[in-house]
Structures are given as structure tokens and as C-alpha cells.
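Asks: Throughout the sequence shown, residue numbering follows this note's numbering, covering 10 to 294 in sequence.
Warning: the hint list may mix true and false statements.
Unchecked claim - Okay, derived cross-link-like pairs now, DSSO-like style, lysine-lysine, Cα gap no bigger than 30 Å in a straight line:
1) Lys249 / Lys262
2) Lys270 / Lys147
3) Lys82 / Lys247
4) Lys245 / Lys205
5) Lys107 / Lys262
6) Lys226 / Lys247
7) Lys58 / Lys217
8) Lys217 / Lys82
9) Lys147 / Lys245
10) Lys249 / Lys268
11) Lys82 / Lys130
12) Lys130 / Lys205
13) Lys58 / Lys24
14) Lys242 / Lys100
15) Lys107 / Lys226
16) Lys249 / Lys82
17) Lys82 / Lys107
18) Lys205 / Lys58
19) Lys226 / Lys147
20) Lys147 / Lys217
21) Lys242 / Lys82
22) Lys107 / Lys205
23) Lys205 / Lys262
24) Lys44 / Lys217
Stated by the list, open to error - Restraint ranges, calculated between C-beta atoms of paired labels, are given here:
25) Val216 / His104: 55 to 61 Å
26) Glu158 / Lys58: 33 to 39 Å
27) Ile212 / Pro237: 32 to 38 Å
28) Asn152 / Glu87: 29 to 35 Å
29) Val170 / Arg66: 51 to 57 Å
30) Glu68 / Val170: 21 to 27 Å
31) Pro250 / Asp221: 38 to 44 Å
32) Lys136 / Arg66: 46 to 52 Å
33) Thr135 / Ala88: 21 to 27 Å
Bear in mind the hints are in silico, worked out from the structure with no lab data behind them. Remember, it's a predicted structure, so these values are computed and weren't measured experimentally. Don't be surprised by glycine CBs; every beta carbon is placed ideally from N, CA and C.
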Amino acid sequence: MTTKKKSNSGFSDIKSRIVGVSETIGHQSALFYGKSGTGKTTVASTYPKPILLLDIREEGNDSIADYSDDEIKVLPVEAWEDIEQAYWMLKSGDHPFKTVVLDTVTQMQDLCLEDILEEEKRDFATKQTWGTVSGLMKTWLINYRDLTEQMEVVFLAQERVSDTDSEDEMDEGQLEPSVGPRLMPSVASILNASVKVIGHTFIRETVKRQLDSIERKTYYCLRVGPHPYYITKIRKPKDKPTPEYIVDPSYQKIDDIMKGKYSGGKPKKKSSTGAKRKTRRKKTR
Numbered sequence: 010m011t012t013k014k015k016s017n018s019g020f021s022d023i024k025s026r027i028v029g030v031s032e033t034i035g036h037q038s039a040l041f042y043g044k045s046g047t048g049k050t051t052v053a054s055t056y057p058k059p060i061l062l063l064d065i066r067e068e069g070n071d072s073i074a075d076y077s078d079d080e081i082k083v084l085p086v087e088a089w090e091d092i093e094q095a096y097w098m099l100k101s102g103d104h105p106f107k108t109v110v111l112d113t114v115t116q117m118q119d120l121c122l123e124d125i126l127e128e129e130k131r132d133f134a135t136k137q138t139w140g141t142v143s144g145l146m147k148t149w150l151i152n153y154r155d156l157t158e159q160m161e162v163v164f165l166a167q168e169r170v171s172d173t174d175s176e177d178e179m180d181e182g183q184l185e186p187s188v189g190p191r192l193m194p195s196v197a198s199i200l201n202a203s204v205k206v207i208g209h210t211f212i213r214e215t216v217k218r219q220l221d222s223i224e225r226k227t228y229y230c231l232r233v234g235p236h237p238y239y240i241t242k243i244r245k246p247k248d249k250p251t252p253e254y255i256v257d258p259s260y261q262k263i264d265d266i267m268k269g270k271y272s273g274g275k276p277k278k279k280s281s282t283g284a285k286r287k288t289r290r291k292k293t294r
């Protein structure tokens with residue numbers, strides 16, 4: 010399609026929309042994925058309050074029960090229409106919320122499929138059905154992402170190992186040896202590209218052995234640094250290093266990384282007995 014050039018005097022609209030790069034940064038859009046119980050909802054709860062949490066069939070809010078009702082409010086999503094209506098309410102700006110959390114987009118996709126199957130009066134999904142699911146999911150995930158003009162947006166997802174999960178026939182035969190959000194590949198690729206932060210939640214355990222006991226410590230972590238297997242991303246100044254992972258992740262720590270101010274560390278690994286002996290030998294020589 011060829012677009013006709015306007016006269017030089019007709020460029021005022023385009024010129025008025027050109028802004029400085031600092032004006033385009035906006036709020037955070039983040040995707041956190043991982044196994045159940047690894048801290049996805051917990052890290053989401055550290056975002057600016059008040060938070061609206063869209064509980065899409067998860068009912069896993071025990072970990073954030075210590076927050077007050079004024080800090081976090083929950084909308085139990087019972088139908089696809091709830092997702093659309095919640096968006097329009099947030100888009101209107103007539104609300105107090107500073108953050109919206111979709112928990113989880115994995116269940117959101119299942120809800121979308123069920124809604125379309127009911128509309129098509131089918132008991133099984135055809136290729137066309139999956140295409141409709143993909144289109145709807147992309148549209149509404151981008152709609153929610155665009156709310157970053159006025160608030161923080163957090164997507165939570167279950168973990169998917171793409172080379173072992175074969176139950177989804179919409180994969181189009183494409184298997185990638187990676188771990189990422191449990192979504193259709195076409196939907197995951199759009200969401201991954203759209204958000205500013207992608208983090209993988211996991212639990213790390215350290216063991217400290219003593220003469221008569223073993224001390225174990227558990228750390229909740231968020232993997233954000235480049236990794237050959239896990240899908241991760243964080244937008245930050247290019248000359249600033251990215252930590253491999255964050256211990257006890259929070260909105261503030263993620264924000265510090267994005268601004269190039271993060272100075273946190275990881276659990277220290279205690280040197281082995283053999284390593285200590287070598288050090289002592291060097292000192293005595």
C-alpha cells in the first residue's frame with residue numbers, strides 16, 4: 010500500500026507526538042514464571058500498593074495473607090468477561106490501584122479456550138479454535154501491558170519445559186529446548202517481547218555442615234540474568250551488569266537493577282575443607 014505524502018505544513022501532528030526517550034519509559038511490566046510455591050505471588054505483592062490481584066482460578070493467596078485489605082484486593086475471575094471488564098475499569102482510571110497482577114496467565118489461556126469452545130459448541134479444539142485463542146490472548150495481554158501508562162502491570166505464569174510438554178496441539182511442531190511461561194508458543198513470544206522484565210522464580214538451598222549437625226537455609230530467588238536455558242530479560246542501562254539472580258526478590262530490587270543502582274549479592278558459598286587446607290599450606294610456606 011502506498012501512502013501519499015502530505016505537504017510540509019501537514020506534519021504538525023507527527024511532530025507533536027515526538028517526545029524524549031525519558032518520557033516513554035513509563036511503569037514496569039513484568040512476567041514472573043516458575044513452579045507452584047516458588048514465590049511468584051510473593052514477589053508480585055511487593056509492587057506499589059494498592060494492588061488489584063486478578064485471581065484466575067489459582068486461589069493461592071495464603072502467602073500474602075499478612076497484607077491488609079487496603080493494600081491488596083482480589084477479584085476472583087469466574088468468566089472471561091471478568092478479564093475484559095476489569096481491564097476497562099482500570100483503563101478508565103476510576104480506581105485507586107497502582108498495580109494490577111494477573112495470576113496466572115496460564116489459567117487465563119485455559120479460560121479463554123473454554124469460553125471459545127462453549128461459543129463454538131464443541132468438545133474439542135480445532136486448529137481454527139487455537140488460532141482464535143491465540144488472537145484473543147495476544148489482544149488482551151497487550152491491552153493489559155499498555156496499562157503501564159498509568160500503573161505497574163505484573164503477569165504470573167506456570168513454568169513450562171517446552172521439550173517435555175507435548176499435550177498442546179497448537180505448538181505447530183516447534184519445540185525449543187528452554188524453560189519459559191506455560192503458554193502457547195505464539196502467545197508466549199508476544200508476551201515475552203512486550204514486557205520489560207522476565208524472571209524465573211526458584212528455591213535455592215544451602216547446606217552448612219558442622220561436626221554434629223547440618224544447617225540448611227532456604228532462599229527464594231528470581232533468575233533475571235542471561236541464561237542459555239531459562240527465558241529471562243531485564244531492561245537496564247547497557248553498561249551496568251545484571252545479577253544472575255536476586256535473593257528475596259522485590260519491586261525495589263528490580264527497579265534498582267533497571268536504573269543501574271543494584272548492589273545486592275547472592276548467598277555465599279562456604280569454601281570446602283579441601284580448599285581451606287590448601288590455603289593454610291600456602292600460608293605456611
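Asks: Each hint should be assessed against the structure and marked as holding or not.
Replies: These are the hints, each one checked on the structure:
A distance of roughly 14 Å separates the Cα atoms of Lys249 and Lys262; the hinted pair therefore holds under the 30 Å criterion. Between Lys270 and Lys147 the alpha-carbon distance is near 33 Å, which puts this suggested pair outside the 30 Å criterion. For a cut-off of 30 Å, the pair hint linking Lys82 to Lys247 is broken: about 37 Å separates their Cα positions. Restraint check for Lys245 and Lys205: the C-alpha separation of about 9 Å stays at or below 30 Å, so the hint holds.
The suggested pairing of Lys107 with Lys262 holds, with an alpha-carbon distance near 18 Å, which does not exceed 30 Å. Our distance criterion of 30 Å between C-alpha atoms is broken by Lys226 and Lys247, whose separation comes to about 34 Å. With a C-alpha separation of about 38 Å, the suggested pairing of Lys58 with Lys217 is violated against the 30 Å cut-off. Between Lys217 and Lys82 the alpha-carbon distance is near 40 Å, which puts this suggested pair outside the 30 Å criterion.
In summary, the hint linking Lys147 to Lys245 is supported, as the alpha carbons are separated by about 25 Å, within the 30 Å threshold. Straight-line distance between C-alpha atoms of Lys249 and Lys268 comes to about 9 Å, which keeps the hinted pair within the 30 Å bound. For the given pair, Lys82 sits about 35 Å from Lys130 by alpha-carbon distance, which is inconsistent with the 30 Å threshold. About 38 Å separates the Cα atoms of Lys130 and Lys205, which puts this hinted pair outside 30 Å; it is violated.
Between Lys58 and Lys24 the alpha-carbon distance is near 36 Å, which puts this suggested pair outside the 30 Å criterion. Pair hint Lys242 plus Lys100 holds up; C-alpha atoms about 26 Å apart against a cutoff of 30 Å. Taken as a hint, the Lys107 and Lys226 pair is broken in the structure, with Cα atoms around 34 Å apart against an allowance of 30 Å. As the CA atoms of Lys249 and Lys82 are separated by approximately 36 Å, the hinted pair breaks the 30 Å bound.
About 12 Å separates the Cα atoms of Lys82 and Lys107, which keeps this hinted pair within 30 Å; it holds. Our distance criterion of 30 Å between C-alpha atoms is met by Lys205 and Lys58, whose separation comes to about 20 Å. Only pairs whose Cα atoms come within 30 Å are accepted, and Lys226 paired with Lys147 is rejected, the gap being roughly 40 Å. Only pairs whose Cα atoms come within 30 Å are accepted, and Lys147 paired with Lys217 is rejected, the gap being roughly 47 Å.
Distance check on the hinted pair: Lys242 and Lys82 sit about 28 Å apart at the alpha-carbon level, within 30 Å; holds. For the proposed pair Lys107 and Lys205, the alpha carbon gap of about 17 Å is at most 30 Å, so the pair holds. Between Lys205 and Lys262, the direct Cα distance comes to roughly 14 Å. Compliance with the 30 Å bound is thereby established for this hinted pair. A distance of roughly 26 Å separates the Cα atoms of Lys44 and Lys217; the hinted pair therefore holds under the 30 Å criterion.
In this structure, Val216 and His104 break the distance hint of 55 to 61 Å, their C-beta atoms being roughly 47 Å apart. Between Glu158 and Lys58 the C-beta distance comes to about 19 Å, which lies outside the given range of 33 to 39 Å. Here the CB-CB span from Ile212 to Pro237 is close to 21 Å, at odds with the stated 32 to 38 Å. Under the hint 29 to 35 Å, the C-beta atoms of Asn152 and Glu87, about 20 Å apart, miss the expected range.
Hint check: Val170 to Arg66, Cβ distance near 22 Å, so the stated range 51 to 57 Å is violated. A beta carbon spacing of about 24 Å between Glu68 and Val170 agrees with the range 21 to 27 Å that was offered as a hint. Restraint check, Pro250 to Asp221: a C-beta distance of roughly 40 Å satisfies the suggested window 38 to 44 Å. Checked against the given bound of 46 to 52 Å, the beta carbons of Lys136 and Arg66, roughly 26 Å apart, lie outside it.
A hinted range of 21 to 27 Å holds for the C-beta pair Thr135 and Ala88, which are about 22 Å apart.
Of the numbered hints stated above, those contradicted by the structure are hints 2, 3, 6, 7, 8, 11, 12, 13, 15, 16, 19, 20, 25, 26, 27, 28, 29, 32, listed in ascending order.
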